[in-house]
Amino acid sequence: MKSYLVVIISLLVALVIATPIFLVGCTSNKYNIEKYPATKSKFDYTIINNLSLSGLDRSLLANEDRGFRGEVAYTLGTEKSYPTSEKTYIEHIEEQLTLYSEDDIKILQCYIYLTEYRDKDLDANAINLIKNYFEILKSKNVKVLLRFAYMFEDKINTDAKDAQIIKHLDQIGKFINDNTELFNDVVYAMQFGLIGLWGEGHGYWYNHNIRKLITKLCNIIPEDIYIMVRTPDILSQVPKQFESRISVHDDFLVGQDHEWGMMSWKDPQYKDLLNKNKHTIADGEMPWGDYKENDKHFPIDGLGFVKQVVGYGLTTLSITHNYKEHRSDAQGTTYHLEKWKTEYLTKAELEKNNLPYSPAMLDNEDKISIYKYLQFHLGYNLGVSNLLTSNNQTSFMINNFGFASPLEYELEIIADGKKIDIPQKALYMFEQQIITINENVKEIKIKFTHKRSGSTIKLANNLPYNDGYNVINL
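Position one of the sequence shown corresponds to residue 132 (the numbering used here), numbered consecutively onward.
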């Protein structure tokens, strides 16, 4: 009997030991990622370019809420940018806008460090400082991707406890309610931030109730503003009622499967994550240019990187990382975004890899530099085509050649002075919308208006653009 008991106990012990190993290896249910309808990988209709699609027109880079973005910081309660920086927060803004002036950036990722208030409430002066900061940013004609954070070094505890974070969020919520117009004019989107080093959700000193903090943030931020979290693990803790407005920001984009990435590309949930992001507003960045593995600068394949950016449907991408930064140990090094000004994607490569592009933006050899491809196709790139007229009917087609939908914009069509009733459609990657007017008309005015800020979109066509309207004269 004892021998049988020993065998049974041994088998039970073996099963208990083996089970966690099996569960760790089974990643299919590790994360809770909502499944969304797959976005398209090609256009449904052939594009007839009879409305003069525009080439690499720099005026298109004035379109807001998309494209390359810079990076600034403000340590609230001080004049500093980052808590350890010698630069002031105003100098940091000026530096970024000057450094990237030729790149026409319209968005700055903005860290507001609450480090000085980690164990106390924000006072009236702190609230006034936030307002003043937003007014400065507005005067510079930029939008911000906003993140609040506390920690900036892993060896010093500047983490805040949940109770204090909640109080700060309540105070920030009141600030938003009192300054709604200013907030809408300045804030393009939010990042969860708040916990861990640089607000990236790792390396924190206290136990945090992530679900509770996300709930509070979502409740104090206007519901039509999208919020990004850093990892699939954090995404999995988002309450169901807020899930549709949440995406991830991948801050280690290297164009290949890497242990520091979101998850293994072989994991079936990776595709779910990519597809989920395409239905929101999302951001990402490469590692700094001096990042090394095995004492060598990390190589990033251009095409692989582009495929990853398109895979996420990125609206914005950091231009601060891996471009013009001057690191002390990297004299003479040319970083990737600079290299990609002279490395090209061909029409054949774009089509083979199902990468969206505006055909008018290719050069006379049917290619485009990786840099220009990203610069003009991040986020939305909207152009009209396929103008058709017949007896008592006029129609045309709106195409999105970009990576992401202009989600916060509303479409208005006016034909010969009369507003046309049309459905509002989320123009995701490779989406097209046919507009039909049941009469022959002489003028069509097309306007995309941002619901919060009132900004408008210039279409990627050589058409008159007046008072926010793109005008087709027949």
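Derived from the structure by calculation, the hints contain no laboratory data. Ideal Cβ placement from N, Cα and C applies to all residues, glycine included. Accuracy of the hints is not assured; some may be wrong.
[As the list claims (entries may be wrong)] Using C-beta positions, here's what the derived DEER-type ranges look like:
#1 L519 with S270: 24 to 30 Å
#2 L519 with P430: 45 to 51 Å
#3 S270 with Q555: 29 to 35 Å
[To be verified] Derived pair list, reagent style EDC-like, types lysine to aspartate or glutamate, alpha-carbon separation capped at 16 Å:
#4 K578 with E539
#5 K578 with E541
#6 K503 with E233
#7 K218 with E202
Here is how each hint holds up against the structure:
no.: 1; hint: L519 with S270: 24 to 30 Å; in the structure: 45 Å, violated
no.: 2; hint: L519 with P430: 45 to 51 Å; in the structure: 48 Å, holds
no.: 3; hint: S270 with Q555: 29 to 35 Å; in the structure: 32 Å, holds
no.: 4; hint: K578 with E539; in the structure: 13 Å, holds
no.: 5; hint: K578 with E541; in the structure: 8 Å, holds
no.: 6; hint: K503 with E233; in the structure: 12 Å, holds
no.: 7; hint: K218 with E202; in the structure: 14 Å, holds
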